[in-house]
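Colleague: Construct all of the structure, not just a fragment, from the sequences and the given hints.
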Amino acid sequence: MPNRLHLEVVTQVRRLLDLEVDEVQLPGTLGALGVLPGHTPLLTSLGIGELMYRIDHRESYLAIQWGFAEILPDRVTVLATVAETPEEIDVSQAEQDKHEAEAALKTVDMVELEKMRAKLQMAITRLQVAQHRRT
Amino acid sequence: MANTRDLRRRIRSVKGTQQITKAMKMVAAAKLRRAQVRILQARPYAETLSRVLGSLAERTEHTHPLLQQRDVRSVWLVVITSDKGLCGSFNHNLLRYAAQLLDSDRWASPQVVPIGKKAVDFFTKRAYTVAAAEPNVMSNITAAEGRRIAASLIDAFTAGEADEIWVVYNRFLSLIRHETVLARLLPVEPPAGDEATLPNIDYIYEPDAATLLGELLPRHIEVQVQTALYDSSAAEHAARMTAMDAATKNANDMIDRLTLLYNRTRQAAITKELIEIVSGAQALEE
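Chains A and E supply the protein sequences, listed in that same order. Number 87 in the working numbering belongs to position 85 of the first sequence; there are no gaps in the numbering. Number 92 in the working numbering belongs to position 46 of the second sequence; there are no gaps in the numbering.
None of these hints come from the bench; they were simulated from the model. Hints are supplied without guarantee of correctness; some may be wrong.
Unchecked claim - Mimicking SDA-like on lysine to any residue, the simulated pairs with C-alpha atoms at most 25 Å apart in a straight line are:
1) A:121 to A:62
2) A:117 to E:194
3) A:100 to A:90
4) E:318 to E:56
5) A:121 to E:253
6) E:71 to E:181
7) A:117 to E:204
8) A:117 to E:201
Modeller: This is the structure:
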């Protein structure tokens with residue numbers, strides 16, 4: 003049984019993470035899932051949300067938007083459309099997005115609804131992740 | 047024989063041109079480095095995606111609209127060139143190749159999707175059917191642009207406007223080499239699962255294999271488009287760099303030649319003047 007996981011997070015433009023971790027939590031489309039070493043092989047799509055990874059007792063977070071994760075007993079590979087570290091998040095932009103989306107949700111039609119929901123969710127996720135920023 | 051003033055003027059003008067070509071070469075070199083970094087950074091995503099897709103396609107019986115071969119009635123050809131010229135035969139060769147393809151009877155009634163200003167100009171001025179033009183992508187390629195183009199191609203395919211979509215572009219090989227690549231984008235040919243690299247794993251699929259396949263395939267096409275754009279842009283900068291290097295060298299040769307000619311002319315003029323003075327003095331003595 004492997005005792006650590008190799009976590010790799012890649013987007014279309016860069017490789018964000020490539021390291022050994024003890025635990026990963028992912029925002030699966032069917033709900034959050036936690037992965038410990040020795041997990042059954044799993045292929046899942048990801049929604050919008052926080053990705054948490056733990057090394058010893060240190061927890062770190064990323065904001066993830068859409069993508070896939072390939073989970074093997076000893077490694078987790080995340081392909082994300084958007085992935086941001088807490089330091090990269092523009093808090094004021096996220097808050098503005100949140101207000102815009104909230105305002106738009108009250109008046110919007112069916113086509114725009116999903117888009118605005120996604121925008122709102124991403125803004126909320128960004129704000130959450132940004133709180134884990136290390137000073 | 048040219049007089050010295052004209053020659054001096056020409057030398058100065060060639061020097062000016064040389065400075066421009068030298069600067070362009072350095073700019074191209076810097077842009078090439080950036081393009082190469084971009085290609086390298088995009089690679090892990092592309093590799094992982096095609097590995098996952100290969101194993102998924104192998105294990106599932108599900109057919110997906112994007113995988114389906116149809117009777118080919120209309121074909122789209124995506125042609126990727128640069129926005130700017132001054133890069134040697136880079137655009138010319140590719141366009142000639144694409145035009146030959148379109149003129150041949152390989153496809154019955156092909157339509158073109160030119161990307162890059164040079165391709166747009168070429169195809170709109172000739173008797174080709176242009177399905178959609180993208181003149182302003184190549185100068186500043188972003189992931190969002192790649193996604194947008196991929197999405198519009200997928201739409202055309204699923205709507206039945208195109209039964210097959212092909213792409214032709216220059217693939218970056220090295221500083222002095224690029225090759226013309228013709229590849230089919232749609233319907234997707236799933237990457238062959240390489241037995242050696244593919245451990246036989248039975249994944250659990252969440253939500254389920256068919257849904258996953260449906261989400262992975264569009265991503266795969268995005269990556270294909272993206273790769274083609276990045277590769278083409280790297281090849282463009284490499285081609286421009288070599289072209290400008292050659293131009294700088296040529297300018298140097300020309301300056302050398304002109305300087306030699308200038309010195310000869312100057313000396314000839316001095317000699318002539320001396321002869322005139324001497325013979326004038328002689329005439330006075332006699």
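Colleague: Please go over all the hints and tell whether each is borne out by the structure.
Modeller: Checked hints:
1. The hinted pair formed by residue 121 of chain A and residue 62 of chain A meets the criterion: a straight-line CA distance of about 23 Å does not exceed 25 Å.
2. Taking the CA atoms of residue 117 of chain A and residue 194 of chain E, the gap is near 16 Å; set against the 25 Å cutoff, the hint holds.
3. In summary, the hint linking residue 100 of chain A to residue 90 of chain A is supported, as the alpha carbons are separated by about 17 Å, within the 25 Å threshold.
4. Simply put, residue 318 of chain E and residue 56 of chain E have alpha-carbon atoms about 23 Å apart, close enough for the 25 Å limit, and the pair holds.
5. About 23 Å separates the Cα atoms of residue 121 of chain A and residue 253 of chain E, which keeps this hinted pair within 25 Å; it holds.
6. This hinted pair checks out: residue 71 of chain E and residue 181 of chain E have alpha carbons roughly 24 Å apart, not beyond 25 Å.
7. Between the alpha carbons of residue 117 of chain A and residue 204 of chain E the distance comes to roughly 22 Å, so the proposed pair stays at or under 25 Å and holds.
8. Annotation: proposed proximity of residue 117 of chain A to residue 201 of chain E holds, straight-line Cα distance about 18 Å (limit 25 Å).
Violated hints for the displayed structure: none, as all numbered hints are satisfied.
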